[in-house]
Structures are given as C-alpha cells and as structure tokens.
Amino acid sequence: AQTVTQSQPEMSVQEAETVTLSCTYDTSESDYYLFWYKQPPSRQMILVIRQEAYKQQNATENRFSVNFQKAAKSFSLKISDSQLGDAAMYFCAYRSDHSGNTGKLIFGQGTTLQVKP
Amino acid sequence: DTAVSQTPKYLVTQMGNDKSIKCEQNLGHDTMYWYKQDSKKFLKIMFSYNNKELIINETVPNRFSPKSPDKAHLNLHINSLELGDSAVYFCASSQTRANSPLHFGNGTRLTVT
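In order, the protein sequence lines correspond to chains A and B. Just so we're aligned: 29 in our numbering is position 29 of the first sequence, and the numbers increase by one with no gaps anywhere. Just so we're aligned: 188 in our numbering is position 71 of the second sequence, and the numbers increase by one with no gaps anywhere.
Everything labelled a hint here was simulated from the structure, so no lab data went into it. Please note that a few of the clues may not be correct.
[Unchecked claim] Computed Cβ-Cβ distance ranges for the label pairs, DEER-style:
hint : chain 1 : residue 1 : chain 2 : residue 2 : range
1    : A       : GLN44     : B       : GLU175    : 22 to 30 Å
2    : B       : ASN196    : A       : PRO41     : 48 to 56 Å
3    : B       : LEU171    : A       : SER12     : 15 to 23 Å
4    : B       : PRO178    : A       : GLN44     : 24 to 32 Å
5    : A       : ALA72     : B       : SER197    : 24 to 32 Å
6    : B       : GLY145    : A       : ALA16     : 24 to 32 Å
7    : B       : HIS190    : A       : SER30     : 32 to 40 Å
8    : A       : GLY85     : B       : ASN179    : 36 to 44 Å
Just so you know, even glycine gets a beta-carbon here, dropped at the ideal spot from N, CA and C.
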C-alpha cells in the first residue's frame, strides 16, 4: 500500500523569505500523480500544485514550486517570497494512475506553516 | 458559482442520534468522495462513488451509509452517533482520470456530545 510522510509537523518562515516543506512517499508503482494542498484556518482545502510522475520537469505555480525526485520518492514544496496569507496547514498527497485505480488521494500528516511578519 | 457545496457547515448533536450531511457538486465530475479529518488533522478516505456506484468503502463502521441519488450528489448518513465520530467531514469530487485533482467542499464540523 502507498504511504505519504511529512516529517515536519511545524515550520516557520519570515515574511518575504523562502521555505521548503518536505514530503516523501512509498510506492511500487511507476505512474502516479502528486499534489500539494493548502488548508488555511478557514478549513477550505485548496489545490496548490500538482506533478505528474512521468514528467521530469518540476511543476511551478507562481511563487510555489516543487522539487520532485522520483528515485528518492521525494516531493518537496518551495514557497518563495512568503506572504502572511501563506500561513496554513499544507498536505502532500499521492494518487495512483494504476488501471483499476479507485482514484483516491492518500494524504500525508500535514505541516503547519507559520509566517512571521 | 461552480463548486462543491456541503451542508450543514456545523452539526452539534447528542450521542445516539442519527444525522445526515449533504453534498452537491456542479463541476460535472463523475466521482465523489467522503473524507474524514480527525482531531490531529489527518485526512482519511471513507467512501467514493463513481457514476453513482460505490467503489471505495474503507473500513468504516456500518453506522455510516453513503447515498448517491445521482452523480452530482453524495450524502452521508450516520446512525447512532458516538463521541468518536466527532470530526470534520469533507466531501470532494473529481474526474476519474488520475491527473484530475480533487475539489473539496468546505467541510462539516460534527460535534457529538
């Protein structure tokens, strides 16, 4: 069974600086998708970025980028120029592309990010 | 607005009661999910329906029963509520293809007293 691990329960960053959130996963599959979701205090789950495992190029979305290391099964999220609105809990998630897949997302435990003014 | 909407937002009830949470999506997705977020914020899949057919049922007590009248709706009914059922329940939807992200509702905070 696939698992997702976020080893940093809490992280903090100074406003305007850069922070990296770690995520590792375990799978025997070669085709899959990885996602980062943000959950602010409002409780809403917001998609931040996604990565296809077959793509070598790291995904980027404005200030958010990933470092995807397939061999190491690592998928970290880098937030540049951190803003106060980035303060939230961040979840890493895995989704299989295996045929017959049920489509479910498997989530990590989450990392709470604090942004200091 | 196009979205996943679930009601109610908050639900406070006593042990032993029966309650329902409703979910609707107007994104045209063919798969819908229920996730439970516990007090430690861990998110775990409970159920998934694809075109009204149950495809995931993850070790959830029989007191929980999902119902999908059509592919735009997935409701969750809970019988004989227990203290341990207190959590935030999220509805989500997506297309079946694996690169389609899940779109989440805003969650229902259930408190059982």
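_Structure-inconsistent hints, enumerated in ascending order_ = 2, 3, 5, 6
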